[in-house]
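S.K.: With these hints in hand, go ahead and build the complete structure from the sequences.
Same order as they appear, the protein sequences are chains P and Y.
Its first residue numbered 1, the first sequence is counted upward by one per residue in our numbering.
Its first residue numbered 1, the second sequence is counted upward by one per residue in our numbering.
Hint data in this document are derived by calculation from the structure and do not stem from the laboratory.
Keep in mind that this is a model prediction, so the values were computed, not measured.
Glycine is no exception: its CB is placed at the ideal position from the N, C-alpha and C atoms.
It is possible that some hints are incorrect.
[Claimed, not checked] To be clear about the criterion: a stretch of chain Y counts as covered by chain P if any three or more of its residues have a C-beta under 8 Å from a C-beta of chain P, and this derived list gives those stretches:
#1 279-288
#2 371-377
[Said to hold, decoys possible] Here are some chain P residues pointing at chain Y (derived, C-beta under 7 Å):
#3 Ser161
#4 Thr164
#5 Ser166
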Amino acid sequence: MKTTKYFSLFVCVLALTVIAATGCKKKPAKVTLLPNSKISTVGDLPPGGILPGGDNTGGITGGSSATGFPAGPGHIGWKEDHETLKTETVYFDYDSSTIKSSEKSKIENVAAYLKAHLSAAVKVEGNCDERGTEEYNRALGERRALAIREYLINSGIAANSVDTVSYGEDRPADPGHDEAAWKRNRRGDFVVLTPP
Amino acid sequence: MKTKFNSIISLAAAVLITTSAGAQDEAYRAIVKEGDVVGFTKPQPIALTGFSGEVEQVLRFDLEVQGFKVVNDGTPQYEVAGGGSGVQGRLSDRISKATIFSKAYTGGSLRRQAHALADDVVAALTKRKGIGQTKIAFKVDTGANSEIYIADFDGHNAHQVTRDNTIVAAPVWIPGRLALYYVSYKLGNAHIFRHDLATGARTAFARYGGGNFSPAVSPDGSKAAMILSKDGWVDLYVCNSDGTGLKRLTRSQQDESSPCWSPDGKWILFAGKSGERRVLMKVSPEGGEAVRVPTSGVSNPSEPEWSPDGKWIVFTSQGGGFTICVVPAAGGVAIPLVEGEDPSWAPNSRTVVFARRTNGGRALSVLDVFTKQYKDVSRVSGGNSQPSWAK
Chain P
1 MKTTKYFSLF VCVLALTVIA ATGCKKKPAK VTLLPNSKIS TVGDLPPGGI
51 LPGGDNTGGI TGGSSATGFP AGPGHIGWKE DHETLKTETV YFDYDSSTIK
101 SSEKSKIENV AAYLKAHLSA AVKVEGNCDE RGTEEYNRAL GERRALAIRE
151 YLINSGIAAN SVDTVSYGED RPADPGHDEA AWKRNRRGDF VVLTPP
Chain Y
1 MKTKFNSIIS LAAAVLITTS AGAQDEAYRA IVKEGDVVGF TKPQPIALTG
51 FSGEVEQVLR FDLEVQGFKV VNDGTPQYEV AGGGSGVQGR LSDRISKATI
101 FSKAYTGGSL RRQAHALADD VVAALTKRKG IGQTKIAFKV DTGANSEIYI
151 ADFDGHNAHQ VTRDNTIVAA PVWIPGRLAL YYVSYKLGNA HIFRHDLATG
201 ARTAFARYGG GNFSPAVSPD GSKAAMILSK DGWVDLYVCN SDGTGLKRLT
251 RSQQDESSPC WSPDGKWILF AGKSGERRVL MKVSPEGGEA VRVPTSGVSN
301 PSEPEWSPDG KWIVFTSQGG GFTICVVPAA GGVAIPLVEG EDPSWAPNSR
351 TVVFARRTNG GRALSVLDVF TKQYKDVSRV SGGNSQPSWA K
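M.R.: What follows is the structure, given as structure tokens:
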């Protein structure tokens with residue numbers, strides 16, 4: 001360690017001597033060459049930016065209570081159909097997860113579809129406009145999806161047939177930054193899930 | 001003097017645009033009376049001589065986000081003089097004519113050496129540890145997807161740490177470790193992952209039904225708070241760092257979001273609702289009644305973070321736009337600072353990194369809350385947001 005320090009000092013002094021001898025363009029006026037400087041060795045950065053290796057996706061799964069999500073893997077691996085129910089997208093008021101009366105018939109259409117397709121399930125995707133902080137919006141999008149889920153359950157759909165996901169403000173339907181765009185982005189989309 | 005004057009002007013502007021004028025008048029008086037506090041401290045002038053290029057840029061950046069103002073005219077009391085090859089610096093007091101230290105730096109990169117010199121200046125003059133060699137983690141938005149990056153606190157030396165090709169968000173450091181928790185939608189829904197950056201080992205930490213959001217690690221690393229919807233409502237939960245002992249801390253159909261911990265580990269602070277009003281609240285990780293933390297004078301507080309020294313809470317208030325605010329940890333009159341959102345404290349309890357909205361998406365800046373001086377962080381291509389400062 002000590003040797004390294006003195007070696008660095010030696011290199012440093014050598015470099016300065018060479019610069020002094022050859023003339024240094026960058027040398028500013030009135031610079032003292034700090035003759036009694038301590039040498040401080042700066043450590044390298046700790047290794048960073050390591051991409052994940054093999055994931056351990058074991059973790060904790062499942063839900064618990066009667067009002068909540070059933071335990072188990074859910075509908076992982078089921079086929080996703082974004083087209084069939086795309087006209088039933090439910091829209092919300094600013095910062096609200098209340099189902100407006102104008103939107104109720106759409107959820108009833110989704111309930112009717114699920115009753116006619118008993119092997120299918122549905123994923124409700126909650127989304128927000130950009131006028132909120134990011135994690136607030138992630139929670140708000142989930143509340144919107146949960147409100148639609150609750151309406152479906154009250155319409156006779158089994159709780160384990162309705163998944164929710166919140167994309168917060170990360171998946172806008174319209175990338176604009178005005179009220180027209182925001183209105184289209186405060187929404188719940190339906191994705192039909194069918195067994196693999 | 002000018003900075004202080006500008007601060008008062010901007011506060012006066014804030015008073016004018018908010019609706020609750022009475023509360024703001026009170027806020028104004030309280031701050032002016034206190035003088036040398038958050039948002040109103042005069043920066044300490046310092047001279048830099050004999051530096052150029054990248055070294056000079058690093059020194060100026062680091063010093064100005066820790067309460068100094070680099071000046072070329074006048075005769076500031078303190079001077080950092082450089083020269084020679086590599087990074088060398090001598091800090092002197094021009095009044096007493098004393099040399100406080102004189103050092104040369106080796107190893108690492110030129111930037112790293114310059115950060116180390118800035119840290120020595122800060123430690124010598126402020127008795128706080130410098131932040132020049134600290135790290136941040138943040139979200140980089142590339143359109144429909146986002147990934148997590150880490151970088152030096154000024155945004156340089158950035159590294160991508162996820163490549164999940166989906167939404168990855170809300171990174172938070174595990175205190176004292178080169179490891180993160182964050183949310184990734186890789187398995188279809190929002191789940192919380194724990195990622196050791198030294199080895200690349202990653203574990204799905206919370207995969208409950210519904211959403212698993214906004215992880216926050218306790219100061220001793222033994223517990224994690226998070227937002228889950230597994231019970232049918234969006235609520236605040238806490239569990240041990242191995243995932244056991246899950247406890248539900250709120251039972252409300254209204255929103256809870258963005259939890260963080262007090263530095264003594266006794267409280268979990270979060271954004272919640274009291275009646276129709278959005279408020280900051282804190283609850284014991286053992287459970288019990290949530291207590292309101294008042295933020296008078298500003299509306300819609302969210303994204304709180306408790307300072308490491310325990311004295312302050314920084315948060316985002318939302319009115320017409322988003323404003324970074326600071327309030328004493330016990331609650332009280334909020335002090336609006338600059339436009340921006342999602343603040344995270346540096347280990348020095350005076351500097352915060354935050355996101356601000358630009359035409360090209362979000363970008364990060366670093367703010368000294370005492371002097372209100374701030375600087376833009378070097379940007380990774382795409383929207384940069386949700387910064388977390390390693391502590």
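S.K.: Against the earlier hints, flag every one the structure doesn't satisfy and list their numbers going up.
M.R.: Of the numbered hints, 1, 2 and 3 do not hold.
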